[in-house]
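Make the full structure from the sequences, and use the hints.
Each chain, written out:
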Amino acid sequence: MPTLLEAPPHPAPPSPPAAPAQPAPGISEDWLALCIGLFIFVLSLGLLFGKDVLGWAVTTSVWTTPIKALAPASKGYAGLRPLVALAATYVFLLVVLSVAAKLLRADLKRFASGFTVVFALSYLCWFLGSWAYIAATPDKRQALKIPWSLNLTNESGFIIALLAGLVVGNFLPGVSRFLKEAIRPELYIKTAIVILGGFLGIAALEQRALATSVMFRGACAIIEAYLIYWPIVYFVSRRYFGFSREWAAPLASGISICGVSAAIATGSAIRARPVVPIMVSSLVVIFAVVELLFLPFVAQHFLYGQPLVAGAWMGLAVKTDGAAVASGAITDSLIRAKALAVSGVSYQAGWIMGVSTTVKVFIDIFIGVWAFILAWVWAAKIEPRAGEKVRAREIWQRFPKFILGYVVTFLLVLAIGAAAPRLVPKIKASMGQANVFRALFFVMTFFAIGVLSNFRKLWQEGIAKLAAVYVLCLFGYIIWVGLLISWLFFHGVLPPLVKG
Amino acid sequence: MTEPRLADELHKMETEYEPLLPIERKLIWYTFGTGVLLLAVLVLVSRAFM
Numbered sequence: 001m002p003t004l005l006e007a008p009p010h011p012a013p014p015s016p017p018a019a020p021a022q023p024a025p026g027i028s029e030d031w032l033a034l035c036i037g038l039f040i041f042v043l044s045l046g047l048l049f050g051k052d053v054l055g056w057a058v059t060t061s062v063w064t065t066p067i068k069a070l071a072p073a074s075k076g077y078a079g080l081r082p083l084v085a086l087a088a089t090y091v092f093l094l095v096v097l098s099v100a101a102k103l104l105r106a107d108l109k110r111f112a113s114g115f116t117v118v119f120a121l122s123y124l125c126w127f128l129g130s131w132a133y134i135a136a137t138p139d140k141r142q143a144l145k146i147p148w149s150l151n152l153t154n155e156s157g158f159i160i161a162l163l164a165g166l167v168v169g170n171f172l173p174g175v176s177r178f179l180k181e182a183i184r185p186e187l188y189i190k191t192a193i194v195i196l197g198g199f200l201g202i203a204a205l206e207q208r209a210l211a212t213s214v215m216f217r218g219a220c221a222i223i224e225a226y227l228i229y230w231p232i233v234y235f236v237s238r239r240y241f242g243f244s245r246e247w248a249a250p251l252a253s254g255i256s257i258c259g260v261s262a263a264i265a266t267g268s269a270i271r272a273r274p275v276v277p278i279m280v281s282s283l284v285v286i287f288a289v290v291e292l293l294f295l296p297f298v299a300q301h302f303l304y305g306q307p308l309v310a311g312a313w314m315g316l317a318v319k320t321d322g323a324a325v326a327s328g329a330i331t332d333s334l335i336r337a338k339a340l341a342v343s344g345v346s347y348q349a350g351w352i353m354g355v356s357t358t359v360k361v362f363i364d365i366f367i368g369v370w371a372f373i374l375a376w377v378w379a380a381k382i383e384p385r386a387g388e389k390v391r392a393r394e395i396w397q398r399f400p401k402f403i404l405g406y407v408v409t410f411l412l413v414l415a416i417g418a419a420a421p422r423l424v425p426k427i428k429a430s431m432g433q434a435n436v437f438r439a440l441f442f443v444m445t446f447f448a449i450g451v452l453s454n455f456r457k458l459w460q461e462g463i464a465k466l467a468a469v470y471v472l473c474l475f476g477y478i479i480w481v482g483l484l485i486s487w488l489f490f491h492g493v494l495p496p497l498v499k500g
Numbered sequence: 501m502t503e504p505r506l507a508d509e510l511h512k513m514e515t516e517y518e519p520l521l522p523i524e525r526k527l528i529w530y531t532f533g534t535g536v537l538l539l540a541v542l543v544l545v546s547r548a549f550m
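Residue numbers (this note's numbering), protein chains in the order written: chain A, 1 to 500; chain B, 501 to 550.
A portion of the hints provided could be inaccurate.
Mimicking BS3-like on lysine-lysine, the simulated pairs with C-alpha atoms at most 25 Å apart in a straight line are [to be verified]: (1) B/K512 to A/K381; (2) A/K51 to A/K75; (3) A/K381 to B/K526; (4) B/K526 to A/K140; (5) A/K140 to A/K75; (6) A/K75 to A/K428; (7) A/K426 to A/K499; (8) A/K109 to A/K180.
These are computed hints drawn from the structure, not numbers from a lab. The structure presented is a predicted model; accordingly, all values stated were derived computationally and were not measured.
What follows is the structure in structure tokens.
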């Protein structure tokens, strides 16, 4: 059974007897992501009390000389050797994630050895992506003494990590098997999103009216995506491709709403066999990777003048949490770089990614509601079964718990900053330190997504028809309607400019 | 019992086609219609108040 990109929001139906037995996890990855993210967030807030708890974490600057790239996050640890900071960061993450692995009842030894390689390869990709000739923006070239650069910013490290993961996943099956216990993209990206809430809280603190506007527009866009995407994809699957209801409903949810989670929630809601959402999920992951590789560059080329349209577009068009937020991050840096190069406009970092994340988070929130509605329609109208009731508590069961962490970090930063404005510089420094870990979780997510994306599945007999629906609906309808909706709600709304 | 093969599943769908039920058509077109209507309303609201 393939490892899914996103953990199901509630325990999946039992596997067929042929599947190998796995110990049931003691806690879900959703709750673990919430706990780990909050743990790192709280540690970073030590700065508010004069305790520099995370200042030893390693940061990576754009570099021409490799040895000068690494440094501790805080000046208070300036005496710490860069490689020691890197080692400390690795050990910290190993310990924290090993506790998580233990709670997930994973094989600890295999997790630790796998994670060591995942961290090393992911960090290497991040490091390579920070090489000045790849990453430097035009305004930095003179200071770095380089005549040219690809202007991709250091977030190109994410793409390098994704490509590295794809090579491992598709050409090195032995390595994939070795890394398996540590390939947990849903845990990594959800932890990153919890930490990201605090980082976006800082942005919202400084631009409250804009943040409120973004959240309202994001919510509007989501409602439309559910009501406009899903019915058309369902209709096309049923009417023109002849899929049964059992297949069409999870397929429509997977393609239109939120990939893996939505396909599984829908499959469960309509009592589909487990194989149905699993097959759909495999395709979702593969196509999300394809979108991740080209949509941010398309957005950069055509939408650098409308950055928040681009951000919303990523959230609406890319169909997994990991890939959507990751696309938002890449689009953020690509568009800022291009706007600076072409127009001399320097947008503040994080807003484009923030819009993508907000849109995706709202999509996630509504999965449970949509699954409940479908469960009711199926139970009451399409396949009624005597004595069966659809319970509203299933909305909570399917609610992605890590979003609570995102909301908590966002609101806490907002509340502390609003109540005590003199603490804002310290909060910024705290979030800067937490952001070091957010970036590391991001890059590990990219690598893990790559490892899990098995393009050989596309050659599996019979998958062509499923893939055809996906290609037609995603690239022929959803991406363009998503762009239209993003344009309608975000056109003319610009991120704030960098001060000074 | 072994896991069903996708090819077999798709072949089965071709031979045992399930036509769209009236309730499915209602679900599709009422949902889509509501979405288009709400889109117009929300665009106007966002432009008027934001």
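Hints versus structure:
no., hint, result
1, B/K512 to A/K381, "holds (24 Å)"
2, A/K51 to A/K75, "holds (13 Å)"
3, A/K381 to B/K526, "holds (11 Å)"
4, B/K526 to A/K140, "violated (58 Å)"
5, A/K140 to A/K75, "holds (22 Å)"
6, A/K75 to A/K428, "holds (15 Å)"
7, A/K426 to A/K499, "holds (18 Å)"
8, A/K109 to A/K180, "holds (12 Å)"
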